[in-house]
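**Q** Each chain, written out:
2 protein chains.
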Amino acid sequence: MNIGDVAERTGLPAKTIRYYEEIGLVRPARGANGYRRFVESDVHKLGFLGRARSLGFSIEDCRGLLALYEDEGRASADVKRIAKAHLARIDAKITELNAMRATLAHLIDACAGDHRPDCPILADLAVEEGGGEAS
Amino acid sequence: MNIGDVAERTGLPAKTIRYYEEIGLVRPARGANGYRRFVESDVHKLGFLGRARSLGFSIEDCRGLLALYEDEGRASADVKRIAKAHLARIDAKITELNAMRATLAHLIDACAGDHRPDCPILADLAVEEGGGEAS
DNA sequence: CTTGACCTTCCAGTGACGGGAAGCCCTATA
DNA sequence: TATAGGGCTTCCCGTCACTGGAAGGTCAAG
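First to last, the sequence lines map onto chains S and Y.
Going by our numbering, the letters in the first sequence line up with residues 1 to 135, in that order.
Going by our numbering, the letters in the second sequence line up with residues 1 to 135, in that order.
FYI, nobody ran anything at the bench for these hints, they're computed from the structure.
Just to be clear, a hint being listed does not mean it is correct.
One copy or two, it doesn't matter: identical chains are merged, so the pair holds either way.
Claimed, not checked - Quick list of in silico lysine to any residue cross-link-like pairs, SDA-like style, CA-CA up to 20 Å:
hint : residue 1 : residue 2
1    : 15        : 95
2    : 84        : 110
3    : 84        : 103
4    : 93        : 54
5    : 84        : 94
6    : 93        : 13
7    : 84        : 100
8    : 84        : 102
9    : 84        : 118
10   : 84        : 117
11   : 84        : 7
12   : 93        : 58
13   : 84        : 105
14   : 84        : 112
15   : 84        : 126
16   : 84        : 21
17   : 93        : 23
18   : 15        : 120
19   : 93        : 4
20   : 84        : 99
21   : 93        : 115
22   : 84        : 116
23   : 84        : 26
24   : 84        : 63
25   : 84        : 109
26   : 84        : 64
27   : 93        : 16
Keep in mind that this is a model prediction, so the values were computed, not measured.
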């Protein structure tokens, strides 16, 4: 199977697949013409990678997960540890974004949004002390 | 004022301040010795930038906000538009992260996390169709 | 035999900096 | 006055996970 077919089947761009080979996540064989020749297990691995990436796992996480996936004798605890660490990062990011969202929504709400120059958004960004309190 | 003092007062690393100059967000004067010489308005602008960045505005957003900030005759609607677009991006990101979080939390919950190799997390990543449904 | 799709490698750029080297400048102290 | 140190300068590379594009080789169809 050529890279184009694999791209279609996995939903990953060909560029991405080449990149994954470059960093050693997959090792497709090569045909006499120099083309990459993918077998089913390559496609399967790339699908795995695509789904793990879409869950926000980093490339290094994926490398670890893939190694565990291919290790028949792994302990599920090892996988769970990686997943829990990632979940914690997600939670931290969500918390951060929620805080931003609250501040920003408050400022937007306070801004008339008309032709006049008065703007609480800019006023808040201009002050030295952490503004944004609704008091 | 030298860059070190400005870094301390604004909380921005000196590297970041130099970068902001490089991309034209600030234009500090130069002393005879080649050192950057910051005046109060520079410090104020950098503080503005730091706060806008901490709210997640992109550099290009910041450039626009800064221009509006310095334009006495701006319409608050222009500021509000930028802020609302950013809020929408934040909301999209939060939605995406919540979806990830739900899937991941579900998988983690289903994983025994012991010495045995059976692992729903890997099983889900291995299948072709979008798994993770609690059904 | 040509066209056009597909494949290859290599190089550069993204966003927003951070690390570190090489070298100049300024001040304080011996 | 010599020197030690800290701060400042520019420059270049590295980050993360790709993406775009150029230049050129390969293959199937007409």
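**Q** Now tell me if each hint is right for this structure.
**A** We went through each hint and held it up to the structure:
1. In this assembly of identical chains, the alpha carbons of residue 15 and residue 95 never lie at most 20 Å apart, being 33 Å within a copy and 28 Å across copies at closest.
2. In this homomeric assembly, residue 84 and residue 110 come within 20 Å of each other (Cα to Cα) only across copies, at 12 Å, whereas the closest approach inside a single copy is 39 Å.
3. Only between protomers do residue 84 and residue 103 lie at most 20 Å apart by alpha-carbon distance; the minimum there is 12 Å, versus 29 Å within a single protomer.
4. Taking the closest pair of Cα atoms, residue 93 and residue 54 come within 20 Å of each other both inside a single copy (16 Å) and across two copies (13 Å).
5. Proximity of residue 84 and residue 94 under a CA criterion of 20 Å is satisfied in both settings, with 15 Å inside one chain copy and 19 Å between copies.
6. When the C-alpha separation of residue 93 and residue 13 is checked against a cutoff of 20 Å, the pair qualifies neither within a copy, at 27 Å, nor between copies, at 22 Å.
7. In this assembly of identical chains, residue 84 and residue 100 lie within 20 Å of each other by CA distance solely across copies; the values are 12 Å between and 24 Å within a copy.
8. Taking CA atoms no more than 20 Å apart as the test, residue 84 paired with residue 102 passes between copies only; the shortest distance there is 12 Å, against 27 Å inside one copy.
9. In this homomeric assembly, residue 84 and residue 118 come within 20 Å of each other (Cα to Cα) only across copies, at 17 Å, whereas the closest approach inside a single copy is 46 Å.
10. Only between protomers do residue 84 and residue 117 lie at most 20 Å apart by alpha-carbon distance; the minimum there is 17 Å, versus 48 Å within a single protomer.
11. Taking identical chains as interchangeable, the C-alpha atoms of residue 84 and residue 7 are never at most 20 Å apart, the minima being 30 Å within one chain and 36 Å between chains.
12. Taking the shortest Cα distances, residue 93 and residue 58 sit within 20 Å of each other both inside one copy (14 Å) and across copies (17 Å).
13. Taking the closest pair of Cα atoms, residue 84 and residue 105 come within 20 Å of each other only across two copies (8 Å); inside a single copy the shortest separation is 31 Å, beyond that limit.
14. For the identical chains of this complex, residue 84 and residue 112 are inter-copy neighbours only, at 13 Å across copies versus 43 Å inside a copy, given an alpha-carbon limit of 20 Å.
15. When the C-alpha separation of residue 84 and residue 126 is checked against a cutoff of 20 Å, the pair qualifies only between copies, where the shortest distance is 19 Å, while the shortest distance within a copy is 39 Å.
16. Taking the shortest alpha-carbon separations for residue 84 and residue 21, neither the intra-copy value of 27 Å nor the inter-copy value of 41 Å comes in at or below 20 Å.
17. Within a single copy, residue 93 and residue 23 get their C-alpha atoms no closer than 27 Å, and across copies no closer than 28 Å, so neither meets the 20 Å cut-off.
18. Taking identical chains as interchangeable, the C-alpha atoms of residue 15 and residue 120 are never at most 20 Å apart, the minima being 45 Å within one chain and 30 Å between chains.
19. Proximity of residue 93 and residue 4 under a CA criterion of 20 Å is satisfied in neither setting, with 35 Å inside one chain copy and 30 Å between copies.
20. In the homo-oligomer, the alpha carbons of residue 84 and residue 99 lie at most 20 Å apart only across protomers (16 Å), although the nearest pairing inside one protomer, at 23 Å, exceeds that limit.
21. Within a single copy, residue 93 and residue 115 get their C-alpha atoms no closer than 35 Å, and across copies no closer than 30 Å, so neither meets the 20 Å cut-off.
22. Within a single copy, residue 84 and residue 116 get their C-alpha atoms only as close as 49 Å, which misses the 20 Å cut-off; across copies the closest is 18 Å, which meets it.
23. For a Cα distance limit of 20 Å, the shortest separation of residue 84 from residue 26 qualifies neither inside one copy, at 25 Å, nor across copies, at 42 Å.
24. Taking CA atoms no more than 20 Å apart as the test, residue 84 paired with residue 63 passes inside one copy only; the shortest distance there is 16 Å, against 38 Å between copies.
25. With identical chains, the CA atoms of residue 84 and residue 109 are at most 20 Å apart between copies only, with a shortest distance of 10 Å across copies and 37 Å within one.
26. Taking the shortest alpha-carbon separations for residue 84 and residue 64, only the intra-copy value of 14 Å comes in at or below 20 Å, while the best inter-copy value is 39 Å.
27. Taking the shortest alpha-carbon separations for residue 93 and residue 16, neither the intra-copy value of 25 Å nor the inter-copy value of 23 Å comes in at or below 20 Å.
Checked against the numbered hints above, the structure breaks hints 1, 6, 11, 16, 17, 18, 19, 21, 23, 27 and satisfies the rest.
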